[in-house]
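Listed here are the chains, written in short residue letters.
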Amino acid sequence: MTRAHPVSGQRRIAWLASYPRSGNTWTRLLLANFLSAAAEPVGINDIGSAMPSALYHGRPWFDSVAGISSSDCTEDEAESLRPAVVRFWAQETKRKATPLFCKSHEACRDTPAGEPLFPNDVTVGAVYLIRNPLDVAVSWAFYVGEEGFADSVAYLNARTSCIGGDGSHELRQRLFDWSGHVESWTGAPFPVLTVRYEDLLADTAGWLGRIASFLRLDGASDRRRLERAVAHSAFARLQENEDREGFHKNSPHSRTPFFRSGVAGDWRRHLSAAQVGDILAAHGATMARFGYSCRATG
Amino acid sequence: MTVLEVPFTVDADLDLDEAAAPWLRPGCADVVIRRGAVPESLPEVEHGGRFWSAAQGRFLVKAPHGLRILVEGGERVRYEAPGLAADEVRPFLQGSAWAALAYQRGLLCLHASAVVCADGVHAFTGASRDGKSTLAGALSMRGYPFFSDDVLTLATRRFGDEVRCCSHQDMKLHPDAVALLGARIQRPVGREAGDGKVYALPRQRWPHACASLKALYVLKREQRRALEQGPFTVERLSGVPALNALLRTVFRPKFAVAILGRGRLFQQLAALQPQIGVFRFHRPFVHEWFDRGVAHMAEALPAGPLPALDCA
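Quick note, the sequences are listed as chains A and B, same order. Quick note on the numbering used here: the first sequence kicks off at 85 and runs consecutively. Quick note on the numbering used here: the second sequence kicks off at 198 and runs consecutively.
None of these hints come from the bench; they were simulated from the model. Honestly, I wouldn't trust all of these hints.
When the alpha-carbon atoms are kept at most 30 Å apart in a straight line, the in silico DSSO-like pairs for lysine-lysine are as follows [unchecked claim]: (1) K451/B <-> K417/B; (2) K451/B <-> K187/A; (3) K187/A <-> K417/B.
Pulled from the structure, derived: some chain B residues nowhere near chain A, Cβ distances all over 12 Å [what the hints assert, rightly or not]: (4) R302; (5) D316; (6) R384.
Using N, Cα and C, we set each Cβ at its ideal position, and we do this for glycine too.
This is chain A alone, in the form it adopts within the complex (with noise of 0.2 Å):
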């Protein structure tokens, strides 16, 4: 397996990326449950004191390490900036044994500046987490509220999609198409880990050994540690933890939780034939590529 380059100088940021509804925040609780390494569950509101970590589109991020409002620059400006807060991140944080980890859901591309807004020269590497769009549709359905499926299925399929930005409390974020995306970081100049959300699902403390090794962290080989970072982010934990508290990640339109249901499949349940046909269409192409079909498990 490749692995990420070892943390060094300016070099020290690991991604976190993948379209949303894909498995990231699960992704980042698991992590942060195996780096805290305690007898108790990191709470689903609290993955940044546990590790080292930013939302890159945040804006309270943005503002709070450049020191001026993101909402005072247009969107292409704060999208420019980007890499320049992120390298000021790199260098002005302390805590030095640790990647600093970074989640994004955006397309790996160039700012309108023509940078790169993944810098490789603080990069240690990305885990890249992909999942079934059709999941993916359906999943983000529910986050957004939306009453049918068909505007979500239209998103994953526009090569114009973006999130966030004016009048939200996060800055712009353009995804690309799912294809679109999926190639933008798989095909990035830095190393990258592919993790199927599925697998994660069905060998979860295997995957989650496999991440903390391409990101050389200790005990990445810890059956133990792992185990219980697992039991930790189990599924059950996390519903009743945002049961109990709320989630603050949570679209403010969504009439479910952020932890709804997880499982692989789903879609079987929800689309109706011509909304998978218009997915299958698509990005038939990138979902062979990568395992999915419409009658395979995930």
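Given the structure of chain A, go ahead and fit chain B onto it with the hints provided.
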């Protein structure tokens, strides 16, 4: 209500927001703001780096399009803005640079928008785009004069019975908030009209720059489903949660730590906390629930004062 004085005066060579008018004393001000040459970086930087840096009583802020602002000794502000108009400089000058200036003068800045009630100022804080300005703007339509937008400068270093707070920014709203409030637009913020915020007129505006701060409400964004299970709530905080809430309210907290020092910042917040009410306002962050949230907050606030300046 007693009319209080601003903590320092300003002489600027560019137009500031209308709300900053009470701070202006051309020719004999405590702080002079001028266009001029600003270095790319500071020597012997003690804090910061690429975007902002602090060194020996000097503070450098960098913004898009080469804008650089140097704040020195709490008395001098110099900005270099190649090819930029005043409209493009002002948000950064009255935001980040203003905070550095206040910290250099030993004053605190809170990230909050506020209205005036019969007993004094009630302020709303939260993350960027949590609806601080929109809520204050909506309350100005219900008899609570708009006091300040985004940044609240606390005008006293030691907090006794009264915490004096001051405003210096006009109300800025995003297009969706303008539509929600039916607000009257004055002009775009920055040069790229249509891309983002606009200056908008609140229904009523408090005519003075300073007043006594009485309460701070942390806006808690709840999900629709949580609100379908229970009502809006205003929860009073005390002790450590209240202090934590205040800490999160500090505007440009890294600037405050770099200039004031962590110890002094905590000391000031600890002194502030018993002097004001600190609350958390749980409300949904969806447009169709907005009016109910405003009505709930209006019920929780003391009555509005009269007279205020009617802008409509």
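The hints, checked one at a time:
Taken as a hint, the K451/B and K417/B pair is honoured in the structure, with Cα atoms around 23 Å apart against an allowance of 30 Å. Restraint check for K451/B and K187/A: satisfied, since their Cα atoms lie roughly 22 Å apart, inside the 30 Å limit. Between K187/A and K417/B, the direct Cα distance comes to roughly 23 Å. Compliance with the 30 Å bound is thereby established for this hinted pair. Against chain A, the non-interface label of R302/B holds: every CB pair exceeds 12 Å, the least being about 18 Å.
Once the 12 Å rule is applied to beta carbons, D316/B is consistent with being away from chain A; the minimum gap is 30 Å. A cut-off of 12 Å between C-beta atoms confirms that R384/B is not in contact with chain A; the least separation is 15 Å.
Violated hints: none; the structure is consistent with every hint.
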